[in-house]
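Student: Model the full assembly from the supplied sequences, consistent with the hints where possible.
Going down the list, the protein sequences come from chains A and B. When the count follows UniProt numbering, it moves up by one through the first sequence with no breaks and lands on 348 for the last residue. When the count follows UniProt numbering, it moves up by one through the second sequence with no breaks and lands on 390 for the last residue.
If you are wondering where the hints come from, they were derived from the structure by calculation, not from laboratory data. Don't take every hint at face value.
[To be verified] Computed far set for chain A versus chain B, every beta-carbon distance over 10 Å:
hint: 1; residue: Phe-3
hint: 2; residue: Trp-46
hint: 3; residue: Ala-106
hint: 4; residue: Gly-118
hint: 5; residue: Ala-131
hint: 6; residue: Ser-150
hint: 7; residue: Gln-233
hint: 8; residue: Ala-249
hint: 9; residue: Thr-256
hint: 10; residue: Ala-261
hint: 11; residue: Gly-273
hint: 12; residue: Thr-274
hint: 13; residue: Glu-302
hint: 14; residue: Lys-324
hint: 15; residue: Gln-339
[Stated by the list, open to error] So, partial list: chain B residues that the calculated Cβ filter (under 8 Å) puts toward chain A:
hint: 16; residue: Thr-291
hint: 17; residue: His-302
hint: 18; residue: Gln-323
hint: 19; residue: Val-376
hint: 20; residue: Leu-386
In this text the structure is predicted, and so the values were computed from the model without any measurement. Glycine included, every Cβ here is placed at the ideal spot set by N, Cα and C.
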Amino acid sequence: MYFALTEEQQDFATAVRDYLAERFDLAAVREVVEAGDSDGNPPALWTAAGEQGWLAVTVPEEHDGLGLGMVEAQVIARELGAGVAPGPWRGTVLAAEAIRLAGSDAQRAAWLPRIAAGAAIGGYTTRGSAAAGLPVVEYGAVADLVVAPSEPDLPGLSLVTGATATPVGSYDGTTRLDALVPAGDGVEPLPGADVEVGRQLTDRATVLVAADLAGIAREALTRTVAYDRDREQFGVPVGSFQAIKHALADLHVGVTMAEHAVLYAAHALDTTGTGGIGRAEAELAVAVAKAKASEAALRSTEAMIQYHGGIGYTWEHEAHLFYKRARRLAGQYGDVATQRERIASLTI
Amino acid sequence: MDLSFTPAEEEFRAELRSWLSAHIPQEWTRPGFWESLDDQESFALRRDWERDKADAGFAGIQWPTEFGGRGGTPGMKAIYDEEMVRAHAPRTVNPLGLTFLAPTVMAIGTDAQRKDIIAPMLRNEVIWCQGFSEPGAGSDLAALSTKGVRDGDDFVVNGQKVWTTNAVHGDKIFTLVRTEPGSERHRGISMLLIDMNQPGVTARPLRQMSGASEFGEVFFDDARVPAADCLGEIGDGWRTAMLLLSFERGASGISQYTEFRRQYDEIVEVARKLGRDRDPVIRDDLARVLTELECLRLHSMHVLTQTEQGRDLGFEASMTKLQWSETFQDLWEVYDRILGEDATLDTLQEGTDLRPLHAQAMWSRSVTIWGGSSQVQRTITAERVLGLPR
Numbered sequence: 001m002y003f004a005l006t007e008e009q010q011d012f013a014t015a016v017r018d019y020l021a022e023r024f025d026l027a028a029v030r031e032v033v034e035a036g037d038s039d040g041n042p043p044a045l046w047t048a049a050g051e052q053g054w055l056a057v058t059v060p061e062e063h064d065g066l067g068l069g070m071v072e073a074q075v076i077a078r079e080l081g082a083g084v085a086p087g088p089w090r091g092t093v094l095a096a097e098a099i100r101l102a103g104s105d106a107q108r109a110a111w112l113p114r115i116a117a118g119a120a121i122g123g124y125t126t127r128g129s130a131a132a133g134l135p136v137v138e139y140g141a142v143a144d145l146v147v148a149p150s151e152p153d154l155p156g157l158s159l160v161t162g163a164t165a166t167p168v169g170s171y172d173g174t175t176r177l178d179a180l181v182p183a184g185d186g187v188e189p190l191p192g193a194d195v196e197v198g199r200q201l202t203d204r205a206t207v208l209v210a211a212d213l214a215g216i217a218r219e220a221l222t223r224t225v226a227y228d229r230d231r232e233q234f235g236v237p238v239g240s241f242q243a244i245k246h247a248l249a250d251l252h253v254g255v256t257m258a259e260h261a262v263l264y265a266a267h268a269l270d271t272t273g274t275g276g277i278g279r280a281e282a283e284l285a286v287a288v289a290k291a292k293a294s295e296a297a298l299r300s301t302e303a304m305i306q307y308h309g310g311i312g313y314t315w316e317h318e319a320h321l322f323y324k325r326a327r328r329l330a331g332q333y334g335d336v337a338t339q340r341e342r343i344a345s346l347t348i
Numbered sequence: 001m002d003l004s005f006t007p008a009e010e011e012f013r014a015e016l017r018s019w020l021s022a023h024i025p026q027e028w029t030r031p032g033f034w035e036s037l038d039d040q041e042s043f044a045l046r047r048d049w050e051r052d053k054a055d056a057g058f059a060g061i062q063w064p065t066e067f068g069g070r071g072g073t074p075g076m077k078a079i080y081d082e083e084m085v086r087a088h089a090p091r092t093v094n095p096l097g098l099t100f101l102a103p104t105v106m107a108i109g110t111d112a113q114r115k116d117i118i119a120p121m122l123r124n125e126v127i128w129c130q131g132f133s134e135p136g137a138g139s140d141l142a143a144l145s146t147k148g149v150r151d152g153d154d155f156v157v158n159g160q161k162v163w164t165t166n167a168v169h170g171d172k173i174f175t176l177v178r179t180e181p182g183s184e185r186h187r188g189i190s191m192l193l194i195d196m197n198q199p200g201v202t203a204r205p206l207r208q209m210s211g212a213s214e215f216g217e218v219f220f221d222d223a224r225v226p227a228a229d230c231l232g233e234i235g236d237g238w239r240t241a242m243l244l245l246s247f248e249r250g251a252s253g254i255s256q257y258t259e260f261r262r263q264y265d266e267i268v269e270v271a272r273k274l275g276r277d278r279d280p281v282i283r284d285d286l287a288r289v290l291t292e293l294e295c296l297r298l299h300s301m302h303v304l305t306q307t308e309q310g311r312d313l314g315f316e317a318s319m320t321k322l323q324w325s326e327t328f329q330d331l332w333e334v335y336d337r338i339l340g341e342d343a344t345l346d347t348l349q350e351g352t353d354l355r356p357l358h359a360q361a362m363w364s365r366s367v368t369i370w371g372g373s374s375q376v377q378r379t380i381t382a383e384r385v386l387g388l389p390r
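Tutor: Shown next, in the form of structure tokens:
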């Protein structure tokens, strides 16, 4: 039995974390948030993502990738969430997964090495269709390719490589959103796309969002604990009050459970179909991970504001960056209620 | 990542499963069977069955063979915990002895204590109780006031213990006693191993809100215990107690998960019979519980992994307790909501006997109190894990 990250996987996490701490801290995040009309993809961070293998993680080795799986991808996603980092990492990884799973040989050869190197920016959406338009795409304006449903309510997927983008406003300033109207000659089908591939992709997207949320949840809690250890009122640290202790202890349990759930769901997606975890169990694992991580991030970021007191409600404090990102992602690919209905349908 | 057990562990599972299926009568698996027996009868049946199980080699799974254990791996212990629940095996009659006292004796007992205590316990020849809580010392254990006064080679003990599991069945009780006159809090306490079959010891059952009497009160009225029957040093009982309680840390939560997951299915079945399984609010409730149960299962794999890697989980054990006990309570609160206006009735309209389920619902109120209440666990987590100031 070994249910934990390996040493290499932990090193990967540390590398991402250290990079963000040293080269792209919250001050850098804030610059992106404040510059609302920028493209939200700082070049230095994107270059690093390419150089450090964050984009190559799931790309097969034959296409210049690292050939790793969702367990490693969720390691990166968690750290990016903890750092509330901007940039189209997730959409790019998901576009690569779509091409790997459903692309033609020519599409794989054309796109995967470029994606792995950071030379192409990807996007992924389940909303709208290439035919009817894509209402909300993360980093749609800067994406070179976006994977989207070809037509409404059909399993086919398309690569959108040409589109007109219009910014979509959102209070989560750590991510840019755009509506896309694909150009007629900028759409090509992914020939291998079917219901099963579509499901696998949505599951991957869901787990990566859950991982981001788990990262947000842990970081929000850690920062709140650190603050409440020092902040004094009534002559003592506020963290010595039992009302606060018990709330933070419950959050710690919840966040830890969310971390377990995300790790397991990623592992389930890596092994399902290969004699490991069955399809239904993997589906349950994904829903559990998303439900639990959403819940943990919502509660943890609410607590971050509350247990910082007034300063936590200010623009200058970082709590709102975590809070707003958590709120957007908690609803992504099915909110808590939606995931619970999925869980109910699998177990009732 | 490797979520499998070793071939040797799987072989152990197969052996255990086969023994259990041959030795658990069908009627024992019927819901409400154990509740239908009187306390004495139930205890005797379980006591004998457990002895046979030990004789077959399925006890002390992780204990060293020199102590009569199986010398198994942490994985085998987890498999044992899971299979026992799956097979509807009766609960152990010696829980405090097996979980807490035995490993403590192995760690710090004298040679004589090791020889006298462990083997008879394994065969249920001696049933052990734990004498920790008192009327004035519940969550605040160090407030205990049971006194032991030296008289020649003995201590003479006076005082009262409460919430003592198996009080009326116990043969011996490992007891925290204040043996230094005038000592306070954690100092001057000894852990004495007291024979309960003597005139100075009286055990009385306490009836629980469920109607059952699994625990009771123990009164010491000039009870005598040889000073040699002290576990650890005289006066150093607090340290002995902390060591003893630390043996709960290895518990992974897998047995709770296995049991509660089955109960979840039983509750879903009740919802179906009442047509409540289509109610969106009930579905949301059930799915919330199932989410937490899955997290408990994954947490047990995490605990097992850490144990196998030789890491001490330390105060993380509080998280395990919080996760299983709070989830269990939530599960039975959902059960209440499913039953709605008929929540307290003995049977459903169509005849299903709900009393075994009601008994679990009542029991769920206790699990967040005993073994360190949820409030104590949260304080421990906040101070010892998160590092918040005391």
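Student: Run the C-beta distances from Gly-118 of chain A to all of chain B and say if the shortest one exceeds 10 Å.
Tutor: holds (28 Å)
Student: Confirm or reject the statement that Thr-274 of chain A sits farther than 10 Å, beta carbon to beta carbon, from all of chain B.
Tutor: For Thr-274 of chain A, whose nearest Cβ neighbour in chain B is about 13 Å away, the distance exceeds 10 Å, so it holds.
Student: Using Cβ atoms and 10 Å as the threshold, tell me whether Trp-46 of chain A really stays out of contact range of chain B.
Tutor: holds (30 Å)
Student: Measuring from the C-beta of His-302 of chain B to each C-beta in chain A, is the shortest one below 8 Å?
Tutor: Cβ of His-302 of chain B sits 6 Å from chain A, so the hint holds.
Student: For Gln-339 of chain A, is the shortest beta carbon distance to chain B beyond 10 Å?
Tutor: violated (8 Å)
Student: Using Cβ atoms only, decide whether Leu-386 of chain B comes closer than 8 Å to chain A, and label the hint accordingly.
Tutor: With a closest approach of 5 Å, the Leu-386 of chain B hint holds.
Student: Using Cβ atoms and 10 Å as the threshold, tell me whether Gln-233 of chain A really stays out of contact range of chain B.
Tutor: holds (13 Å)
Student: Can the hint on Val-376 of chain B be confirmed by a CB-to-CB distance to chain A that is less than 8 Å?
Tutor: Hint violated; Val-376 of chain B Cβ to chain A Cβ min 10 Å, cut 8 Å.
Student: Against chain B, does Gly-273 of chain A hold up as non-interface, every C-beta pair farther apart than 10 Å?
Tutor: Per Cβ check, Gly-273 of chain A is outside 10 Å of chain B; nearest 16 Å; holds.
Student: Taking the closest pair, is the beta carbon of Ala-106 of chain A still more than 10 Å from chain B?
Tutor: holds (34 Å)
Student: Double-check Gln-323 of chain B for me: the hint is only fine if its C-beta lies closer than 8 Å to a C-beta in chain A.
Tutor: Cβ of Gln-323 of chain B sits 6 Å from chain A, so the hint holds.
Student: Tell me if the interface restraint on Thr-291 of chain B is satisfied: Cβ within less than 8 Å of some Cβ in chain A.
Tutor: holds (5 Å)
Of the hints listed earlier, those the structure fails to meet are numbers 1, 8, 9, 10, 15 and 19, in rising order.
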